[in-house]
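Participant: Sequence:
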Amino acid sequence: MSKAVLKFSSEDCGICHKMSFYDAKVSAELGLDFVDIKMQDTATYRKYRQILLTQYPDKADMGWPTYIICENPEGEFAVLGEVKGGHPKGEFRKRLQAVIG
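Going by our numbering, the sequence shown opens with residue 1, and the numbers climb by one from there.
To be clear, the hints were calculated from the coordinates, so they are not data collected in a lab.
Since the model is a prediction, treat every value here as computed from it, not as a measurement.
Mixed in with the good hints, there may be bad ones.
Heads up, simulated SDA-like pairs for lysine to any residue below, C-alpha to C-alpha not over 20 Å straight-line [as the list claims (entries may be wrong)]:
| hint | residue 1 | residue 2 |
| --- | --- | --- |
| 1 | 89 | 63 |
| 2 | 25 | 93 |
| 3 | 84 | 15 |
| 4 | 59 | 80 |
| 5 | 3 | 33 |
| 6 | 47 | 30 |
| 7 | 18 | 56 |
| 8 | 38 | 56 |
| 9 | 38 | 13 |
| 10 | 25 | 94 |
| 11 | 84 | 60 |
| 12 | 47 | 76 |
| 13 | 3 | 18 |
| 14 | 38 | 20 |
Pair ranges (Cβ atoms, derived) [as the list claims (entries may be wrong)]:
| hint | residue 1 | residue 2 | range |
| --- | --- | --- | --- |
| 15 | 12 | 101 | 18 to 28 Å |
| 16 | 14 | 76 | 31 to 41 Å |
| 17 | 98 | 42 | 10 to 20 Å |
| 18 | 46 | 90 | 32 to 42 Å |
| 19 | 44 | 79 | 30 to 40 Å |
| 20 | 36 | 71 | 31 to 41 Å |
| 21 | 97 | 21 | 16 to 26 Å |
| 22 | 53 | 85 | 17 to 27 Å |
| 23 | 12 | 43 | 25 to 35 Å |
| 24 | 59 | 14 | 31 to 41 Å |
| 25 | 45 | 72 | 13 to 23 Å |
Positions of the beta carbon are idealized from the N, C-alpha and C atoms, including for glycine.
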């Protein structure tokens, strides 16, 4: 079953932009698929909205960006964990590794 990192972010978020320089690359290095979901991209957001609402029913405690790690995001998904906010590249890698084991 495929594991993926879903990045929920905003086009207006500076930290989200900074993370984009390495978040997809680090995910790929760890064997994870990566999906970048901008809140302004309504088609992509709607596709993955249910996964986000599983973790944040009212979106109140989301970080910018919020990375949700899950299995099978295209079907019967299972949320494995999350990483919230901006982190240096090495710290981001460690946090992803802690979620996937």
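Participant: Next, verify each hint and record whether it holds.
Facilitator: We went through each hint and held it up to the structure:
A threshold of 20 Å between alpha carbons decides the hint, and for residue 89 with residue 63 the separation of about 17 Å falls inside it, so the pair holds. Straight-line distance between C-alpha atoms of residue 25 and residue 93 comes to about 10 Å, which keeps the hinted pair within the 20 Å bound. For a cut-off of 20 Å, the pair hint linking residue 84 to residue 15 stands: about 11 Å separates their Cα positions. Only pairs whose Cα atoms come within 20 Å are accepted, and residue 59 paired with residue 80 is accepted, the gap being roughly 18 Å.
With a C-alpha separation of about 6 Å, the suggested pair residue 3 and residue 33 falls inside the 20 Å cut-off, and the hint holds. Simply put, residue 47 and residue 30 have alpha-carbon atoms about 24 Å apart, too far for the 20 Å limit, and the pair is violated. A C-alpha spacing of about 23 Å is found between residue 18 and residue 56, which places the hinted pair above 20 Å, so the restraint is violated. Distance hint between residue 38 and residue 56 is fulfilled; the C-alpha atoms sit about 16 Å from each other, no more than 20 Å.
Between the alpha carbons of residue 38 and residue 13 the distance comes to roughly 10 Å, so the proposed pair stays at or under 20 Å and holds. For the hint linking residue 25 to residue 94, the alpha-carbon distance of about 14 Å falls within 20 Å, and the restraint holds. This hinted pair checks out: residue 84 and residue 60 have alpha carbons roughly 13 Å apart, not beyond 20 Å. Annotation: proposed proximity of residue 47 to residue 76 holds, straight-line Cα distance about 13 Å (limit 20 Å).
Distance restraint check for residue 3 and residue 18: the Cα-Cα separation of roughly 24 Å exceeds the 20 Å cut-off, and the hinted pair is therefore not satisfied. Using a Cα cut-off of 20 Å, the hinted pair residue 38 and residue 20 holds, with the two alpha carbons roughly 12 Å apart. For the pair residue 12 and residue 101, the supplied restraint of 18 to 28 Å is violated, since their beta-carbon distance comes to about 34 Å. In this structure the hint that residue 14 and residue 76 lie 31 to 41 Å apart at CB holds, the actual value being about 35 Å.
Our hint of 10 to 20 Å for residue 98 and residue 42 is violated, since their Cβ atoms are close to 32 Å apart. For the hinted restraint 32 to 42 Å between residue 46 and residue 90, the CB-CB distance of approximately 34 Å keeps it satisfied. Taken as a hint, the range 30 to 40 Å is violated for the pair residue 44 and residue 79, whose Cβ atoms sit roughly 18 Å apart. Between residue 36 and residue 71 the beta carbons are some 19 Å apart, a value that contradicts the proposed interval 31 to 41 Å.
Range check, residue 97 to residue 21: Cβ separation about 19 Å, and the 16 to 26 Å hint holds. Against the hinted window of 17 to 27 Å, the Cβ-Cβ separation of residue 53 and residue 85 comes to about 20 Å, which satisfies the hint. For the pair residue 12 and residue 43, the supplied restraint of 25 to 35 Å is violated, since their beta-carbon distance comes to about 19 Å. Between residue 59 and residue 14 the beta carbons are some 20 Å apart, a value that contradicts the proposed interval 31 to 41 Å.
For residue 45 and residue 72, the hinted distance range of 13 to 23 Å is satisfied, since their beta carbons lie about 19 Å from each other.
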